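Enquirer: Now for the letters of each chain:
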Amino acid sequence: MRTRPRPYTRALATASALALAATLSSCASGASESADSLTLIDPWVKTAAADGMTAVFGTLENPTDADVTVTGASSDAAGMVELHEVVDGTMQEKDGGFTVPAGGELSLEPGGLHLMLMALPEDILAGEEITVTLELADGSTLEFTAPAKDFDGGNEDYEGDSMDADHGEMDMGSSADPSDG
Amino acid sequence: MPDDRIRRGPSRRQLLLGGAAAGAGAAVALGADRALASPGPTADTAGVNGDRVTPFHGPHQAGVTSSPGAHATYLAFDLLPATDRAGLERWLRLLSDDAARITQGRGALADLEPELAVRPAGLTATFGVGPAAVALAGAEAPAWLGPLPGYAIDRLEDRWSGGDLLVLLHGDDPTSISHLARMLVRDSRAYGELRWRQSGFRRAYGSDPQGTTMRNLFGQVDGSRNPGPGDPEFDAAVWARDDAPAWLAGGTSLVLRRIAMDLEGWDAVDVAGRENAVGRRLSDGAPLTGGGEHDDIDPEATGPNGFTVINPAAHAARARETDPARRIVRLSYSYDDDVEPGALDSLGRPAVSNVGLLFGSWQADVAAQYVPVQDRLAEADLMNTWTTPIGSAVFAVLPGCEQGGFVGETLF
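Residue numbers (the working numbering), protein chains in the order written: chain A, 11 to 191; chain B, 16 to 427.
Keep in mind that the hints are not guaranteed to be accurate.
[What the hints assert, rightly or not] To give an idea of the chain B side of the interface with chain A (calculated C-beta under 7 angstroms), a few residues:
1) Arg-105
2) Trp-106
3) Arg-108
4) Ala-125
5) Leu-151
6) Ile-405
Derived from the structure by calculation, the hints contain no laboratory data. A quick note: this is a predicted structure, and the numbers were derived from the prediction, not measured. Glycine residues also receive a C-beta, built at the ideal position from the N, C-alpha and C atoms.
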C-alpha cells in the first residue's frame, strides 16, 4: 500500500530534518557527502522478542540533485541488518541497496521496502528507542533513532521459509497479515 | 517529535478564534479580529472548522486550556502487573508522541490510516495519573489523590470508576477523536489494560454561537458561572499551588463523576418545580432572583411571603462558592447510551433511556475545592431526587510538555 504523498509531508520533512540534524554523523571530511543531505522521516521499529527479527520503517528523503544509495545498515539492537524488499508477500534482500532518487523520497513501509533487523540480542520494547546506522554508497553514514511500536502488520514470510515459522517470521503473536490484501 | 512551529496554515490567533481556514483570506482574518473584541457569543462565518489546530505543546496541557469541543472521550487504564517504572515512562512517551502528531493533523507513527487525522477540529489530548502510577514512578502523591469520600447518594459501579492512567480527548470531530483513541489504546497494550471508556457530547459544532453555555439533557443551562480558560479566576482555581509536589507544577486535578439522570421522574415535574430545584430559569439560565445568565444568584432575597426566592436546597444555592480559591471549574458532557438489558426506570417500568452527565471538574486541590462542594450537595440538593452518581474517579492532571519532551516527564 503506497499512500504517499500524504498531507503535511513537507512540514514533517522539515521538522524531522531539524530534529535529525543533531544525530547526523557522517564519518569525517567533506560537506558534499550523501549523509549530509539524506534524511529519514518518521522512523519507527516494530517491537520484537530477543532472538527474533523485526523491521524499521520510515521515509528516506533526498533533496539533492544526485541519487543517493543506501548500501547497508547496522544497529546495536541487532546482530545483523539487511535491506529488504517484499515481492509477492515474501521478503528478500534488495539487490543493489535502496536508491533514493534525486529530489525525491523512498518509503520504507510494511509490505514494501524495510530495514530487516535479525538476531536481536534483547527484546525491543514498546516505546524504546533504538539506534540504527545507514551506510551509503559514498562511504558516509547516517545515524538515526527509531521508537518501537506494537504493530500487528508487517508479517511477511521470509524468503525460503516454510510455513513452520521456525525462525523466519517476524510476527510476535498473530499469524494473520491484515496488510496483505 | 513533530514541530508545530513550521506547519503552514492559519496563524495561531486565527485558529484560537475558531475556524479560520488556511488560505481563507483577509476578510476572514478581519472577522476573527472582530470576534476577539466581542465579549459575547459570535457566529462562526469562517467555515472549515476541521482545519482548526490546537497546539499540543506548552506549559499546560491543551485540553485544560482550550474551550471544550463538541465531543469528548475519556479512557482510563489500569497498569499491567508487569509494568515497571521504565515501562511507565516508555508508555507515556508513546502516548505523547501519538497525541502530538494526531492533534496537529498528521498520522501517528505506524499509522496506516493517517487520512483520518487530517481534520483535527481543535482536537486535544490530556493525560492524568492515579496514585498507583505516581507510586510506580517513585514520585510523591498529593494527599488528595485517591477516591473521593463515600457519599450516601452514591451508587458507584467499578466499571465507571477508578483507574491508574487517564486520557481525555475532546474536539469538534468525532472521527478524529476515534482515530486518536484507537492509536492510544494500541500503544497501551504493552503496559496497560483499558478499564473504562466514556464518551459524551454537547451540541454539534456550529449549532450554537460560540461561547454559548451548554445545556444538559434535563434542559438546564449548565455551567453559567464557570470561568473559562484565560480568566484570572480560572487560573486561580485550576493550577496546582505551591503546596503540591513539584512534578505537578503547571498541572491540575480532574474529578470525573458519571451521573445518571432520571428523565422519566423529571417528566413528572412541572416548569415551576424544575426551576425551584435548580434556582435558575430553564429558558435562559438566569437566577430566579433576576439578572442575566451569567449573574450570581441572591440567596438572601425574599419574596412576598417572606421566604427566600431561591429554595435553600436548590442546586444553585447548595453549589454556590464565593471564595475564588475554593471554586471548581466544570467541564461537562452529556451521554445518551444504549438502554441496558433488564434495566428498569424509577417507576419500575422497563427503562427506555440511559442518559446522564459526565461531570468533570478541574481544581488545584480536590480536598480543598471539590470535596466541600460535594459534601454540601450530598447533604442536600433538590436535584438529587433525579440524579444518581454511578461512577467516580480522581486523577492528577500532568503539566504540559515542550517540543521533544513528553507529558509525564516531570514524574521521573
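Enquirer: Does each hint fit the structure? Answer for all of them.
Expert: Tested hints:
The closest approach between the C-beta of B/Arg-105 and any C-beta of chain A is roughly 3 angstroms, which is under the 7 angstroms cut-off, so the hint is satisfied. Interface restraint check: B/Trp-106 against chain A, minimum CB-CB distance 6 angstroms, threshold 7 angstroms, status holds. Interface restraint check for B/Arg-108: the shortest CB-CB distance to chain A comes to about 5 angstroms, inside 7 angstroms, so the restraint holds. For the restraint placing B/Ala-125 at the interface with chain A, the shortest Cβ-Cβ distance is roughly 4 angstroms, inside the 7 angstroms limit, so the hint holds.
Annotation: interface hint on B/Leu-151 violated; nearest CB of chain A at approximately 15 angstroms, more than 7 angstroms. Here the hint on B/Ile-405 is broken, as its CB sits about 33 angstroms from the closest CB of chain A, past 7 angstroms.
Hints 5, 6 from the earlier list are contradicted by this structure; the remaining hints agree with it.
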